[in-house]
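Peer 1: Sequence:
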Amino acid sequence: MTHSQLRRFAAALTGMAALAPFSFGQIKLIEEGDPIPGVPGEVCSRIDDVAVNSLGDWCIRVDHAGDSNFDECIVTNGALVFQQGTTTGLAALGGSTFNFLDSANLCDNGDHYYLFSASLVAGGSEQAVYRNGALFLRQNVSSINAVGLPAGSLWESITEIWPNNANQIMVGGRSNGYDVLVKMTLDASGAVLSEELIVADDGSTLPGHTVPIQGLSLSRYRNALNDNGTTMWFVDDDHTVAGGSTADDSWVYLDNAPLWREGDPTTIPAGSIYGTQSSSEFNINNLGDYVYQGALDASFTHDVVVVNDSILIAEEGTPVPASLGAWTLTSIGSTSGVFLSDAGNVVWYGDWDDPDTDIDTALFINQDVLFQEGVSTTMNGDIIDTIAATDKGFAVSDSGQYLIVEFFSLTAADPTFNGVYLYDIDATIGDSYCTTVPNSTGVSGSLIALGSSVVADNDVTLVASDLPNLAFGFFIVSQTQGFAMNPGGSSGNICLAGAVGRAVGGSILNTGTSGSITAVADLTAIPQPMGTVAVVAGETWNFQAWHRDAVGGMTTSNFTNGLSITFN
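For reference, each letter of the sequence shown is one residue, going 1 to 568 in our numbering.
Careful, some of the hints might be misleading.
[Said to hold, decoys possible] Listed next, with one range per pair, are the computed distances between beta-carbon atoms: (1) Thr267 x Ser507: 46 to 52 Å; (2) Ala79 x Ser45: 15 to 21 Å; (3) Ala191 x Pro355: 56 to 62 Å; (4) Ala497 x Val551: 33 to 39 Å.
Please keep in mind that the hints were generated in silico from the structure rather than gathered at the bench. On a predicted model such as this, the values are computed, not experimentally measured, just so you know. Where a beta carbon is used, it is the ideal one built from N, C-alpha and C, also for glycine.
With the hints as extra help, turn the sequences into a complete structure.
Peer 2: Okay, here's the thing in structure tokens:
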């Protein structure tokens, strides 16, 4: 199934479940017992890490049950990239063999980065970064040419990488005996144009601090880089010297400005203070919005998920979201990250105090459940027993369209059956309005929109469902809301007024045997009575679906609800 087919499948699923806030297209990527591509005779026995981008490219780290010197394999888009103990993919390392993967990063511009350990021919190991199949950085060989570091500095170790989709990469590692964060700007070929030292754990004192730096965190989810080059990073002050304190020594920065400091008051929830930042995770999207997942009040039992210091998504000690029962949220995040997509949706992991511990954990998007352990099923129909909530057990593309996740499910043969699945989680956009009249199916037609309300994305799919089978219909649009009963002899209500355009998506459609119609709205060419117009950020457009119907043997028509979308 191609990416476009997966997207169409998501729209078709929505036609069957129009009231669900999120729809799913899904592909099984690999499960226990499946052959490993490029490794004849070996099958998958274990899965560890996953990654995905907005193109639908994916990467999985898998093991087989054969010789443990050759069992770790890295598979991207169905092809073997690296295999432990072999030179596969490592032509530039002079006979070195792949050892293990530290992280995979798949960018929306098509660049693929892998940070891994390689075993040297002469013995020992070293870390390397590959970009699009070519050696990019090599431990103890690659230099750092950033102002603030001594001339001739080398990467003595490489711990983590954070590339963006705009030919930049932030690298965390060690040089001159201390940890550093460095941002590099590249050309399209991957050549380094410039390097900037973000921060160094060199014993210096940052502006506004009273004591020297004691440490950085090079954790995957405790640093971030977006497409505008904006960075987020963690630093810990030395609490052991005069003036130092464990009550306020950890900080998170947004570029060069402090954003959160341990002990400082929070905006939301009111009356709290930030706990230690050394246990927080955060993320920044390409619009500059950021999300915080971490502790309050110097406690490891009062975690929150907050967007832009103003929108509370989840808080320990409060009712669990999504009407899962009269339970209280008891844990957020575990060892997993938190993701904030460019569409503004937050994906996070939570646990609550249901005494039935088989069903007390879920993966959420905002305050809706994506998957609940013990309740949700895989595409095979198997109950999901465990969601892999490790730092690389699930991931979300920058756009928010794709989710890749590892599950352990309950099967008849194996109660811990391991598999990885790719989901198209198109969030519905817009707000429903207007009174509807049931059609000949006995229910009212329903209209939703999938995709993004960002004009530049030009990504809006209209889906009308619960319509009569084999009926003609089309989508209409206006910037003006209205209400008129039984227009032109229709059985329903039109919810638009003013200049109304017809046939959004360019054609008259047929509901077929699914009782639904789908069209892609081209935001550069919205139909209006005098031609097409382009949507401009800040405008609100209203959509509705009209369809033929028959009641009591008489031909008539009807309408769905109206749907209002404000674009930005």
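Peer 1: Confirm or reject each hint.
Peer 2: Hints, verified against the model:
1. Thr267 x Ser507: 46 to 52 Å: Given a distance of about 49 Å, which is inside 46 to 52 Å, the answer is holds.
2. Ala79 x Ser45: 15 to 21 Å: Because 19 Å falls inside the window, the suggested range holds.
3. Ala191 x Pro355: 56 to 62 Å: 59 Å, holds
4. Ala497 x Val551: 33 to 39 Å: 25 Å, violated
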